[in-house]
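The two chains are supplied separately, each in an independent frame; assemble them into the complex guided by the hints.
If you're matching them up, the sequences are chains A and B in order.
Using our numbering, read the first sequence as starting at 1 and increasing by one per residue.
Using our numbering, read the second sequence as starting at 538 and increasing by one per residue.
No lab work stands behind these hints, which were simulated from the structure alone.
Everything numeric in this text was worked out from a predicted model, so none of it was measured.
Some clues are possibly wrong.
Cβ-Cβ distance ranges computed for the label pairs, FRET-style [said to hold, decoys possible]:
| hint | chain 1 | residue 1 | chain 2 | residue 2 | range |
| --- | --- | --- | --- | --- | --- |
| 1 | B | Arg643 | A | Ala54 | 49 to 59 Å |
| 2 | B | Arg643 | A | Ala330 | 33 to 43 Å |
| 3 | A | Pro41 | B | Ala713 | 44 to 54 Å |
| 4 | A | Arg304 | B | Arg748 | 22 to 32 Å |
| 5 | A | Phe314 | B | Lys758 | 25 to 35 Å |
| 6 | A | Glu115 | B | Lys758 | 45 to 55 Å |
| 7 | B | Glu708 | A | Val415 | 29 to 39 Å |
| 8 | B | Arg748 | A | Arg432 | 23 to 33 Å |
| 9 | A | Asp152 | B | Asn751 | 35 to 45 Å |
| 10 | A | Ala153 | B | Pro690 | 55 to 65 Å |
Glycine included, C-beta positions come from ideal geometry on N, C-alpha and C.
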Amino acid sequence: MRPIKTLQKLYDEESQVVITEKGSPPRALFSGENFLLEDLPVGTRVIFPRPPMAGVPNVKAAIRWAINHPEGMDPLHALLRPGMKLTCVIDDISVPLPPMVTPDVRQTILEVVLELAADSGVDDIHLVIANALHRRMTEAEMRRMVGQKIHDAYYPDRYYNHDAEDPDGIIELERTTHNEVVALNRRVAESDLIVYVNVNFVPMNGGHKSMGTGVTNYASLRAHHNPKTIRDSDSYMEPKSSDLYRKNTRIGTVIDKHLKVFHIETTLNNRMFGAPLEFLGKKEEDYTEGDRLKLQAMRFALKRTPRAAARKIFNSVPAPYDVTGVFAGATEPTHAKTLEMSWKQYSVPVEGQSDIVIFPIPFVSPYSVNSILNPLLLQVMGLGYFFNLNRGIPLVKKGGVLILLHPAYDEFDPVQHPSYIEFFNRLLPETRDSMKLEHKYEREFAENPSYVHLYRKGNAYHGVHPFYMWYWGENGRQHVGKVIVAGAENNHVPGLLGWDRTDTLTEAIEEARGFMGRSATISLLRIAPTLLADVKL
Amino acid sequence: MPAKAAFYDVDGTLVKTNIVHVYAYYAMNRGSLLGMAGRSLTTAASLPLFGALDVLNRKVFNEFFYRYYQGLTEDRLLTVAEDMFEDVLKPALYDQSKDLIAEARRSGCRIVLVTGALDFTMRPLARYLGADELIANKMQFVGGVATGKVIPPIIEGAYKANAIRDYCAREGLSLAHCHGYSDSASDYAMLAIVGRPTAVNPDMRLRSLARAYNWPILDLK
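Bound conformation, chain B alone (with noise of 0.2 Å):
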């Protein structure tokens, strides 16, 4: 059997939060009252427009949603990813996907966490799940200061899938016999370019697919 490796999203699919949530973390763990204050009720205030966007346009969402990052500094945004992994992403894992991930190692599967969310804030999520590799955005820092932008190719929708093919080649896996598990439409390609596709907790367009190209549908819990 050739080697092979699955790949798994992360938001809305490993765990119940998605990349607002985790900003709303930041925003709210800001160090100043006034600077607290202030993120936060712009990022309230920005929720309708957020959730706009994802639906029209993941890209243009995160390019938009990234420039929230602006400003903060590098050593400040690591320090709190381990907090927030402990108080947002560990209590939002799925009780299920460690069992999903434990099932696909023992199969003979590299995990790989493929998500549109910034590295630094994955990882800790990343090293807990056991994961051997982690595709994840990569932010653009400036003098340790985060410039709001990121370092392309921003990894969602069809770079995701680039990504994979890429990490595939390189590590001489065969895509074919590799999993993919995702929850969001967006990931169509992701899930199509590898030769076993599954939706997880889908969202109903992906639902719509999964059922017309006969992939497996699991809901975690």
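Isolated chain A (complex conformation) (with noise of 0.2 Å):
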């Protein structure tokens, strides 16, 4: 390795852009459970997330004062009448990534709007998980959610999971201006109160799309998880540019006045990783000599770690996130609040697009939590997500190429993903189409009854979930040129989803150039942790 100061020298320490230069140090990079040590080419474009803001100093008091203060509705305490119906709808497990250390957020805030209930005389008081058609959380996990004095109150009658397939628990309200159904769980709908708690990871998540996808039904799904309102989203990230927003805003207004929901939601600073692993944070000219050895020491570790203990060891590490701000109120001008923290803390303001760009792909993904990332998520990963964490434009050029850092391995969980098995062996040797996937499987999936079951009964994801994922990554598939899987370790699976493999980044590279010509430039996206680019031409 080389010495440090002359690292130091290299680069603006403000900015979170570096441009690699001869002397720049290798990078260190997620490939699925393994760290790759890479030298890129010079002139290659290094997007560093922001370092993490500071959190509020007292997360409680801030919850009181944001339920004390609310955006457009009266202070929480005005709403609580003795005897009324009262439901808490919680995100689910698949924010924040990693899980964050306890007492999770949502336990904070519950144990604050419990109190306020319990001393303002509401007994009938449910805690719904809004996992739509996400799996079922575990009791373990929900015990871990909400703590454990909250689990063994609640747990399992007025605490449990949203079940979209239970027939006598799914209610509809009034078709939106698009007709569009608006579906909801029963007992969500037919409460007095709602008080939704939210964990706002990006800018996606919160404000109409917390009711209108949380807790409802694949009927309602089904107007916006579609591949046409992916194509017509230019930004999963940003409001105005997302089709997806729009007929979320939709659904939710109608929700809205049907229903008094009192939202609540908190933004979280990126500090992703611990103690032992905080230098993953930063950027590799800022490595102290004992962060090069923790490096290579975790490197020669996870070689010989066999990958299944290595995923167990990474998803029992949970990230030490601090909460940045509160806000509470009605779901619009609360969301509002929310989005310009996120924004603070995520955006990282990138000068012009580039011809190639690099993501290096984790373990985790919000549908793999204590799972495997199977092949159909690193492409919602790389194609949906990564691909999408911008503002304004994305971040590779229109026909460029997108090097993903994955070993791309076959490996499905049967018990989370059963019907991605079926998708990805069965439906993808046939078709990429997600038009066609669409108009001819998606139904069939969604009603087979042994994935109905699986859901319902078991800690799957719905058997129409793996459509969900293949059409999260239409934007990218319809901008990008050419997918390179660097490291992949087999010739199928980036077969399957349509992409190029090599052994290496370098070769990536190399023949990435060969697809954009010599003269292509190079950007690389150094996550984790989240970062989104704010991308300016």
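See the structure below:
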């Protein structure tokens, strides 16, 4: 390794964008359950996340202040009446990533809200997890999320997962002006007051999406979880460019017309790694000798650890996020404040697009907590989420090349992702066309009684979920000219996904340059922690 | 969407029993004390043999096993079948079996039970579950007395698959859109013939087959 003193001269310490020079250090990059240490070509633009913002000094005080000074609504205590029906709807385990150290902020919010409700004589309280068509959370995960005390008092009769397939558990409200179905969990729809307990991880979460997608059913989700809506959304993260957001707003407006929903939204900083792994959030130029040794030791150990064991270890390391803001009240004004805070943490200004963009893909996605990042989830991480981590325009030019770093292993979790296995092995060999998949197969998977049963009684994602994952990558697929997965350990996974593969990142860059020309510009999104590129032309 | 059906094996799939339990119930309800004792003891003594035959060859097992019904009268069997359903089958139903069937019905499937058990023993269960059709073995009766022989073809293994294929052809159902549910590798043919097979509480061999073919695996409770 090169001495640190020479490295520090080469970059602007304040900037989150570093241009690789001859003496730049190699980058520590996620590749599934492993780390690559890669030298990048001179001139490569490396985009780093912002350092974690300071958290609020007292989270409970911030929550109390927010619910006493809400946006566009009366304070929470003024909405509570003895004998009323109160339902707290809670974001599921898909956020934040990785799960946060306990106490989870949802627990802290519930402790405040439930205490206030008890003091106001409200006894009829249910806690419903807004898991939509995601898997049911296990009892252990549910306990961890709200803490032992709340779990003991409410589980399982009054603290449970939403069931989108319960024939008696869903109520349809009036349709939107565009004839979209607005269906909601019966208990939620029949409540006098709903408190939505949100954790905002990226700007796509929260707002009207919380209720509109969290406690609804397949019929309602079909209105916006479809390839056309995705194609009409320029960025998932920016409301004004997102058709998904517009449709959610229409649905949410109907919900707000019929029900009283008090949102409590929270933003987190991006302190994704605790003490032993904290260096992973730093620029490599700032690594100390100790950091470099830790990285080498970790790579040495991971190389010798079976993948399943490494996965287990990673999944058991929670993230010490700090709460940066708590906002409460009516849907839209509350969410506007949340978005502002979210951009403050994640936004990194970037000048212009690149011909080639490199995404290191980590071990976890919103849909693989305590599970496996299977090939479809790898696809959604690359072409869905990372591709959309921007405001304005994508980081990669139209027709450009995306390079993903991941082993692209052919591994699926039959407990959590049973329908993914059939989708990947049966449907993708026939077609990768989202429109065709939607038209020909979506309903069949959605209504397959085995998948419905596994969703309702097991811990499986709904039968239709792999379709959503495929649609989520639609923007990326339509935009890029080529995807190369560097370090793929087999040919058939990249082949079925329609990608090229190479053994190393260097080979992938060579191939990408062959495709885009020798003078192609290269950017690397040095993730995780999370960042959003604010691309200006 | 073409018309479709969900085919369910019964023993071990929807209920925790197998046909030996059912026969044991008949043996216990023989009427006379001597007959009851005789048949119960014979049944108990034969259990290891049943087990071995079942593992070796389900068809041979069935043929062998049904001989135990020889000499029982039809009206007696029908009467006891109703009691047997209440006493043996209903308590042995997995709690989630009815949900699974309701989910299939909601998706537009006809419900068909396909079992190697005798039809009269399964009829009350089929009625209880709201099944549209029961495909089961039929005992031969001469003068109202069981001969111990089953009218061929015996419904088991590959013949279950044939029965399903015939049923779909007769009813105009799309086999490729049909669902099949079984717990045993001996029903491999039945599962392989439908477009949407699912292993339910599978034995070891079926579990590995299901993994190999990417069939969903359900664990009913």
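* Enumerated hints in conflict with the structure, sorted upward -> Hint 6 is the one this structure does not satisfy, whereas the remaining hints hold.
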